[in-house]
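Engineer: As a plain string of letters, each chain reads:
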Amino acid sequence: MLQSVTGRRNFLRQVALGGMAVLGTRAAMAQGQAPAQEPALPGGGANGTLYNPGVVQERAPTVSADNDDFIMTVEKTLKCQCGCNLDVYTCRTTDFTCTTSPALHRDIVALRNRGMTAAQIREDFVRQYGEQALMAPKPEGFNLAGYFVPGVLMLLGIGALSLWIARRQRQVALAPTGHDASDATFDSAALSGATPEELERLKRALSEVKD
Amino acid sequence: MTLLGQFSLWVAFLIGSFGAVLSFSGRWQDRPDLERVVIRSVYALAAAMLVASISLWKGLFAHDFNIEYVAAYTSRNLPTYYIVSAFWAGQKGSLLFWAVVLSCFASVAQLLTSRRFAGLLPYVAGVTSTVVVFFVTVMLFSANPFQRLGFTPEDGRGLNPQLQNIGMVMHPPMLYLGYISITIPFAFAVAALLRREMNSSWIVAIRKWTLVSWVFLSIGIVLGMWWAYVELGWGGYWAWDPVENASLLPWLTMTAFLHSVMIQEKRGMLKRWNVALIIATFLLSIFGTFITRSGVIASVHSFTQSNVGYFFLAFLLVCGILSFTLLYTRWPSLEPEAKLESMLSREAAFLFNNLALVGIAFSVLWGTLFPILSEAVRGTKITVGPPFFNRVNVPLGLFLLALTGIGPLIAWRKASARNLQRQFTFPVGFGLLVAAGLLIDGMRDFYVILAIGLGAFVLGTVLQEFYRGVRARRRMHGESVPAALFNLIARNRRRYGGYVVHVGILMMFVAFTGMAFRVDKEATLKPGESVEMKSPYGGTYKLTHLGVSQYNALNRVVSAAAVQVEFDGKPMGVMKSEKRQHVDSFGRPTFEPSTEVAIQSGLREDLYIVYAGSVDGTEEAVYRFTINPLVWWVWYGGIVLVLGGILTMWPGGGGIAETRRTQAGYEATLIGAEAA
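Protein chains in written order, with our numbering: chain A, 10 to 220; chain B, 140 to 815.
If you are wondering where the hints come from, they were derived from the structure by calculation, not from laboratory data. Fair warning: there could be bad hints in the mix.
Derived DSBU-like pairs: lysine-lysine, alpha-carbon spacing no greater than 35 Å straight-line [claimed, not checked]:
#1 Lys681(B) with Lys709(B)
#2 Lys520(B) with Lys478(B)
#3 Lys85(A) with Lys709(B)
#4 Lys347(B) with Lys85(A)
#5 Lys197(B) with Lys85(A)
Just a few of them, taken from the derived set where beta-carbon distance is under 7 Å, the chain B residues facing chain A [what the hints assert, rightly or not]:
#6 Ala415
#7 Leu483
#8 Phe656
#9 Arg657
#10 Ala662
#11 Leu693
#12 Val761
No experiment lies behind these values; they were computed from the predicted model shown. Every residue gets a Cβ at the ideal spot worked out from N, C-alpha and C, and that includes glycine.
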């Protein structure tokens with residue numbers, strides 16, 4: 010009997026202790042969750058980590074040099090060496106799997122920090138990677154042909170075409186004609202059946218829509 | 140099915156070869172039965188090619204991964220519409236696509252061409268069959284789409300993520316349709332030369348085909364630009380890549396032809412030039428295919444390097460030599476029927492326009508091939524990228540834009556001083572006014588002022604033409620403005636459709652200037668953090684990173700980074716840029732993670748957001764934000780351009796009667812049209 014009373018007391022004490030423990034734990038949990046009551050982050054994962062980080066490219070945080078106008082301008086004139094055919098800036102901000110363009114970007118930033126000008130940085134790249142490091146060939150030597158042949162040919166074409174038209178114009182002027190070219194349409198076969206009213210309408214229309 | 144496909148290719152090869160040999164032998168000329176055989180061989184060729192194509196599609200949809208092509212470009216979990224586009228996604232499939240579309244076009248050309256040109260049709264059949272046989276030969280001996288593997292993979296590799304975009308479902312077939320349909324005008328030109336039918340009437344037979352090619356190529360090029368913009372993630376739409384250039388080249392020469400053919404139709408002039416342009420356009424389309432498939436020039440767009448390039452180079456050389464030799468032998472019979480009378484005439488303006496278009500085509504070709512030339516001459520590899528092309532081509536492009544406005548204003552044959560004054564006063568004044576407005580507004584970029592000023596000038600010419608046309612119709616017929624406008628366009632679709640095309644072109648030119656004011660910014664943001672960016676027009680964007688969510692989709696794991704956008708304090712919505720890791724049906728990664736751009740497009744500018752990646756596997760995201768002014772105008776300019784092209788080629792009102800009327804002198808068409 011005594012044992013049963015002791016057992017009952019023991020049982021009640023344990024229930025009471027258990028209840029306090031549960032309450033204490035919940036209170037502790039509530040305290041532990043307090044920092045997590047900031048705006049809920051979409052996407053799951055604890056502490057702002059991604060649920061599946063393996064499917065997203067790993068990136069270093071942006072630094073001020075990444076947005077430097079000088080760096081961007083220089084990078085747009087230099088070709089990435091990964092084989093993508095893009096300039097360094099476009100490659101590093103587009104193909105985020107490329108490891109070459111971020112490395113080239115770091116090189117350019119380092120050269121800039123050593124006080125080099127844009128031209129000196131380009132020269133340094135040409136020394137390292139050859140002339141193909143430039144997005145456009147330097148306008149010198151044979152490369153001048155690249156820049157000027159289309160323009161020169163176009164000018165020659167304009168000149169030749171103008172001369173040809175002028176020659177034709179002279180030939181037409183020398184050829185005997187029975188009428189003025191600008192009036193040619195009024196006595197053409199197409200209008201031979203036109204009534205005076207129609208011709209008048211035509212003249213009025215032509216004064217509006219001289220083509 | 141591969142057996143049937145393979146068998147169909149051989150049947151096509153034999154039928155096409157037979158038809159081509161019979162056609163060029165000329166034996167059909169006194170044998171109507173043989174003539175019928177030549178024509179019917181074209182239909183039989185198309186049927187064989189269709190069977191081959193259905194066989195490949197069957198393999199693609201049945202996931203028959205024992206076929207090397209199916210395993211390389213599809214997977215079990217690839218969405219259905221991308222299985223359709225996988226047909227032309229790879230080298231081998233796209234060769235089959237070329238051949239089947241060309242054989243169908245050849246059949247349509249035989250069916251729809253007027254009986255007036257019946258004498259040309261067997262030669263047309265010969266040319267088209269020869270080109271189809273060439274493609275079938277390449278497939279049979281070098282790039283067979285029905286090639287089987289020694290084993291059967293449990294799943295295919297899937298389609299490249301960058302090709303899993305609606306733009307890539309539409310862009311390649313449109314571009315191919317443009318390239319392929321050029322063969323039909325080329326075939327007619329060769330047939331006319333072979334038949335010595337040198338009058339201007341056959342030009343009517345090919346003008347519409349050339350317009351069809353031009354419209355398809357225009358759609359293909361604009362869709363390609365759109366795809367590059369929304370999918371590749373670099374923030375631009377034209378990179379002067381060799382493959383992009385290759386698509387522009389035939390477009391330029393075709394545009395030149397569509398202008399100069401008017402002079403042949405109206406005055407019987409420029410016959411030699413027009414034939415040369417058609418030949419050049421066809422050769423450039425083959426050249427573009429060679430560039431894309433040979434690997435001779437590095438390009439992000441090209442197919443994998445293969446020996447297919449040698450086939451194309453040989454074909455290009457043979458076609459070039461034979462075509463120009465044929466033109467040379469027919470040179471004397473291509474005498475012009477009239478002479479150019481004045482420098483101040485529309486004919487002269489069109490000649491300069493042709494010079495500019497061909498000059499730009501040469502310039503683009505020159506720049507594309509200059510690295511090869513430099514390496515051959517100096518032994519030094521060089522890069523010819525956007526800075527080179529912009530420097531060389533921008534002045535030429537502006538010259539062309541000016542001619543776009545000048546051409547329609549000058550009278551045919553000879554313009555008087557009064558005509559010039561009357562026609563140019565408003566457009567020139569409008570252009571100068573807009574340029575002055577830009578200067579007053581603080582714009583100091585010379586090319587931008589010139590481009591927008593010339594754009595305003597061209598718009599002025601078009602508005603003036605429409606205004607005068609409508610006013611004339613209202614006076615003569617007492618029509619309301621909408622009715623007058625409708626009838627004006629309906630009665631002269633070519634002319635007013637052409638003006639609509641000009642509006643599309645100027646919209647695109649103006650849009651191109653926007654790239655000069657592009658603003659980029661990279662930023663690393665934790666959820667809740669913001670960054671600000673100034674618009675080139677004034678005003679500030681506030682961009683707040685909301686977080687990254689991840690979920691599984693059909694064939695990919697998606698990581699979507701959300702950005703809340705405000706402009707000068709006004710909420711503009713939430714934009715989501717994604718990283719996509721594509722997987723096969725077993726969940727295994729198939730390609731590197733790709734990027735999906737978020738774009739908010741407006742009349743003035745686009746906000747372009749790229750989620751570059753995350754820091755230490757957290758939701759701290761690295762972004763590239765770009766503000767792209769005027770990009771919207773590129774797409775809508777493209778739409779206007781294509782609508783103008785469709786309006787121009789819309790059936791009705793054309794044909795030989797119109798050609799005869801126009802040859803009598805342009806002014807006569809007015810009264811002729813009114814009387815009709």
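Engineer: Compare the structure with each hint and give your call.
Structural biologist: Verification of the supplied hints:
Taken as a hint, the Lys681(B) and Lys709(B) pair is honoured in the structure, with Cα atoms around 9 Å apart against an allowance of 35 Å. A hinted pair counts as satisfied when its Cα atoms are at most 35 Å apart, and Lys520(B) with Lys478(B) does not qualify at roughly 48 Å. At roughly 34 Å between alpha-carbon atoms, Lys85(A) and Lys709(B) fall within 35 Å of each other, so this suggested pair holds. For the suggested pair Lys347(B) and Lys85(A), the alpha carbons sit about 43 Å apart, so the restraint of at most 35 Å is broken.
Distance restraint check for Lys197(B) and Lys85(A): the Cα-Cα separation of roughly 46 Å exceeds the 35 Å cut-off, and the hinted pair is therefore not satisfied. For Ala415(B), the interface hint is violated, since its Cβ never comes within 7 Å of a Cβ in chain A; the closest pair sits about 14 Å apart. At a threshold of 7 Å, the smallest CB-CB gap from Leu483(B) to chain A is about 9 Å, leaving the interface hint violated. Against a cut-off of 7 Å between C-beta atoms, the interface hint on Phe656(B) is violated, since the closest Cβ of chain A lies about 14 Å away.
The beta carbon of Arg657(B) is not positioned within 7 Å of any beta carbon in chain A (closest approach about 11 Å), and the interface hint is therefore violated. With a cut of 7 Å, the hint placing Ala662(B) at the interface with chain A holds, because the nearest CB-to-CB distance is about 6 Å. At a threshold of 7 Å, the smallest CB-CB gap from Leu693(B) to chain A is about 15 Å, leaving the interface hint violated. Residue-level restraint check for Val761(B) holds (minimum Cβ-Cβ distance to chain A is 4 Å; threshold 7 Å).
Hints 2, 4, 5, 6, 7, 8, 9 and 11 from the list above are not met by this structure, while the remaining hints are.
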